[in-house]
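Heads up: the protein sequence lines correspond to chains A and B, in order. Read in order, the letters of the first sequence are residues 1 to 188 in this note's numbering. Read in order, the letters of the second sequence are residues 1001 to 1201 in this note's numbering.
To be clear, the hints were calculated from the coordinates, so they are not data collected in a lab. Please note that the accuracy of each hint is not assured.
What the hints assert, rightly or not - Here are the simulated DSBU-like pairs of lysine-lysine, each with C-alpha atoms no more than 35 Å apart in a straight line:
(1) B:K1009 to A:K154
(2) A:K56 to B:K1052
(3) B:K1009 to B:K1060
(4) B:K1062 to A:K154
(5) A:K56 to B:K1060
(6) A:K154 to B:K1060
(7) A:K23 to A:K154
(8) B:K1062 to A:K56
(9) A:K23 to B:K1062
(10) A:K56 to B:K1025
(11) B:K1150 to A:K154
(12) B:K1009 to A:K23
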Amino acid sequence: MFGPRLEGANGVALRTPTLEDHKTFVHWMLEPEATRFWGGRMFDIRDEAFAERHTKDAESQNSVTWSISFENETVGFTGLFDIDWVSRDAESGIFIGRHDLYGRGIASETIRLRTAFAWSELGLQRVHNWISIRNRGSRRANEKAGYRQMGLMKRYVFRSGQWYDDWQGEVFSPDIPAGTFVPPSTGG
Amino acid sequence: MFGGTVRGKTTTLRVPRDADLDAHKRWAADMRVRRAGPIGRWHEPAASDTWKERWTEQAKDKTSVLWSIDAPDAAEQAVGYIRIRFEGAPHSDKVLLDQFVIDPDRSGRGYGWDAALTLHRWIFDYMHLRMAVVDRIAADDVGRQRILEKLGHQRFGHGHHVYYRDGAYVDQYLYQMELEAWDDRWSGEREYPPLGDEKAL
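Excised from the complex, chain A in its bound form (with noise of 0.2 Å):
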């Protein structure tokens, strides 16, 4: 399903997606400079196959996307995935595919709304994600929001000469009692 509209701070919104969002965000994975950290850099970009994509992304029953819109300009999107309505789990991911915008704190406000959102409304739990731990930035925005380590991934990924290892992040509704972290994570 698709997420409604959250008003944050700062210029930055979670709005409805729509299929002309879709067709940008696959054009910005297929440049270096948004996908250091994301997959291979290949996509089906036929018409028909965008179609199929947010028409599946509406009807799933176990995820909630949304576009990122900063002073009423797309520039990523963000959702909450895989969600296990029994347990009350979900996994979140974030994409900002405008570069020139890292540093703005768009994620930070972003990774609120969303977590924000997942607890108040949707009654979740807990929320967890995978992030490479040199993605700095996306892994502090993660903090920020109460997010800690609870996992670390050696060699998941090697790109450019080096291993990247994986960064797993959980966080807990305030409502329920949090149980034992391991110490957030100093590495990157």
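With chain A fixed as given, assemble chain B onto it according to the hints.
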């Protein structure tokens, strides 16, 4: 996709057959299997027609592989199943173990260990993939933990309050095993004997 024959010592991974569908129906509805969490639950319980549709989808899916597990005392009946997924397909160098189920009525006979070793031989010796990952082991699932650790998996994560069942949350452990660990520990586990030096032929 469906996986082909990989022979172990006491079990064989083989192509799933229609005759296995009833066992899948039974396992999906068995609380002893389901309490393992996602590694024991490929799908929710359903009617036979739905299971056939699921198998058709599985056969078409190029990012995952399903095997049935045979054992000699089971008269051609599957004693379990394994389903893996290629992480980042189609350019994948990692395998995720999504489901790994042994019929609870045939547990305690070593089938789980032998099937897991056989699967890892396929992953590392035959496919020469870089890593096997299991990110869905319940913290109280000692049986699967022992199998993974005996194979050489390292625990790299601990999620808290992840799976809800029996009226409470249970934690989650995450494991990884790299090709180097396989080569160190299981260098004698080969699908085929070595070929001679070609120059000498």
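We went through each hint and held it up to the structure:
Of the pairs offered as hints, the one joining K1009 of chain B and K154 of chain A holds, with about 31 Å between alpha carbons and a cut-off of 35 Å not exceeded. At most 35 Å may separate the alpha-carbon atoms for a hinted pair to count; K56 of chain A and K1052 of chain B meet this at roughly 22 Å. At most 35 Å may separate the alpha-carbon atoms for a hinted pair to count; K1009 of chain B and K1060 of chain B meet this at roughly 30 Å. The hinted pair formed by K1062 of chain B and K154 of chain A meets the criterion: a straight-line CA distance of about 26 Å does not exceed 35 Å.
About 18 Å separates the Cα atoms of K56 of chain A and K1060 of chain B, which keeps this hinted pair within 35 Å; it holds. For the hint pairing K154 of chain A with K1060 of chain B, the CA-to-CA distance comes to about 32 Å; that is within 35 Å, so the pair holds. For the suggested pair K23 of chain A and K154 of chain A, the alpha carbons sit about 33 Å apart, so the restraint of at most 35 Å is met. Between K1062 of chain B and K56 of chain A the alpha-carbon distance is near 18 Å, which keeps this suggested pair within the 35 Å criterion.
With a C-alpha separation of about 24 Å, the suggested pairing of K23 of chain A with K1062 of chain B holds against the 35 Å cut-off. For the proposed pair K56 of chain A and K1025 of chain B, the alpha carbon gap of about 27 Å is at most 35 Å, so the pair holds. Only pairs whose Cα atoms come within 35 Å are accepted, and K1150 of chain B paired with K154 of chain A is accepted, the gap being roughly 19 Å. About 51 Å separates the Cα atoms of K1009 of chain B and K23 of chain A, which puts this hinted pair outside 35 Å; it is violated.
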